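> With chain A fixed as given, assemble chain B onto it according to the hints.
So you can see what is in the structure, the chains are spelled out below.
2 protein chains.
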Amino acid sequence: MKKRAFPLEKVYRLLGSGPVVLISSLRDQAPNIMPIAWTIPLDFDPPLVGCCIGDHSYTFATVKKSRELVINIPTVDLVKKVYACGKCSGRQVDKFRSFGLTQRPASKVKAPLIEECYANLECRVVDMSQIKKYNLFIVEVVAAHVAPTKKPPKTLHHITGKRFMVGGREINA
Amino acid sequence: MKKRAFPLEKVYRLLGSGPVVLISSLRDQAPNIMPIAWTIPLDFDPPLVGCCIGDHSYTFATVKKSRELVINIPTVDLVKKVYACGKCSGRQVDKFRSFGLTQRPASKVKAPLIEECYANLECRVVDMSQIKKYNLFIVEVVAAHVAPTKKPPKTLHHITGKRFMVGGREINA
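Heads up: the protein sequence lines correspond to chains A and B, in order. Residue numbering for the first sequence follows this note's numbering, starting at 1251 and increasing by one per position. Residue numbering for the second sequence follows this note's numbering, starting at 1251 and increasing by one per position.
Any given hint could turn out to be false.
For identical chains, the list gives no copy identity; a pair is met inside one copy or between any two copies.
Straight-line Cα separation of at most 25 Å, DSS-like style, residue types lysine-lysine; simulated pairs [stated by the list, open to error]:
#1 Lys1337 / Lys1260
#2 Lys1404 / Lys1383
#3 Lys1382 / Lys1260
#4 Lys1400 / Lys1252
#5 Lys1400 / Lys1412
#6 Lys1337 / Lys1358
#7 Lys1260 / Lys1330
#8 Lys1360 / Lys1253
#9 Lys1412 / Lys1260
#10 Lys1383 / Lys1260
Derived by calculation from the structure, the hints in this document are not laboratory data. As the structure is a prediction and not an experimental result, all values here were calculated from the model.
Just chain A, same shape as in the assembly (with noise of 0.2 Å):
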């Protein structure tokens, strides 16, 4: 998918909205994926975003040793795969391989890309002061990547289990 560097202080208006994002990171050489609902703009320049990370995961350990990790929205065309990569662990499975999707290198951080969704945001882990808590890291975007697309892109904003709400269209107040 062709994507154009986007504009950093404009990052919180691609995840305002609430969309599910794929959380990859990299540990060891090996890259792993983990969707997650529960994220949250804090700041618009720098852009800063609260990620809440199960404390379970493998993503979890992944991201407090590697202090990175890259934000990708998926659209709704990848609703199986996204719901896939929630329903085992990258402990036992290699998800990349697993669910054919594929990784591109990264500008400024280690952690992959996947190609398959419209936006990847490249984040550093600013404070963990949170995350014992709330499980929540809070990362700077360093760089980002966006489809350009004339129609707003149909994301998936997650209600429990294997329920979605797909984006919807856009209005002006």
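This is chain B only, laid out in the frame that chain A set:
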């Protein structure tokens, strides 16, 4: 709008998809409203939610003092009122009166519910340690009232400025 008590351990389902919410609060007997786009569920049971509230706002000062708020979830029919509530300050304007919104008494907090919203979550602030650095209030939902609907509610999801994405169809992975 007729509402029922909603199970607290399922409150994450209402906020996880990333809707814009209206924060209602009370100061010196005067109720106020502020729309915010940046919230994050942080736990299921008891339900904890992070709310990023701009520190120059009247709501920030009010919530810091009163340590309670109500998270009200509007649907698309309220988009003009939601936007208008964000363009002025409770320091100058009685927003309930100016925008034709209706107060209802809450059951466990003093801040009022907004009748026109399909869901009302009564909250108490449980952690203010992150308000200085990130404007992030961490609240516990202590009572929840939700209008039963057959179809998924057409929630608003903020992009930027006057631009909102409307919640679309529901799918199963």
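> Next, verify each hint and record whether it holds.
Taking the hints in turn, this is what the structure says about them:
Only between protomers do Lys1337 and Lys1260 lie at most 25 Å apart by alpha-carbon distance; the minimum there is 20 Å, versus 32 Å within a single protomer. Taking the shortest alpha-carbon separations for Lys1404 and Lys1383, neither the intra-copy value of 33 Å nor the inter-copy value of 33 Å comes in at or below 25 Å. Proximity of Lys1382 to Lys1260 under the C-alpha cut-off of 25 Å is restricted to the inter-copy arrangement: shortest distance 23 Å between copies versus 30 Å within a copy. For the identical chains of this complex, Lys1400 and Lys1252 are intra-copy neighbours only, at 14 Å inside a copy versus 39 Å across copies, given an alpha-carbon limit of 25 Å.
Taking the shortest Cα distances, Lys1400 and Lys1412 sit within 25 Å of each other only across copies (18 Å), while inside one copy they are farther apart (29 Å). Taking the closest pair of Cα atoms, Lys1337 and Lys1358 never come within 25 Å of each other, the shortest separation being 29 Å inside a single copy and 38 Å across copies. Proximity of Lys1260 to Lys1330 under the C-alpha cut-off of 25 Å is restricted to the inter-copy arrangement: shortest distance 23 Å between copies versus 29 Å within a copy. For the homomeric pair Lys1360 and Lys1253, the shortest alpha-carbon distance inside one copy (19 Å) is at most 25 Å, but the shortest distance between copies (49 Å) is not.
Proximity of Lys1412 and Lys1260 under a CA criterion of 25 Å is satisfied inter-copy only: 15 Å between copies versus 30 Å inside one chain copy. For the identical chains of this complex, Lys1383 and Lys1260 are inter-copy neighbours only, at 20 Å across copies versus 29 Å inside a copy, given an alpha-carbon limit of 25 Å.
Checked against the numbered hints listed earlier, the structure breaks hints 2, 6; every other hint is satisfied.
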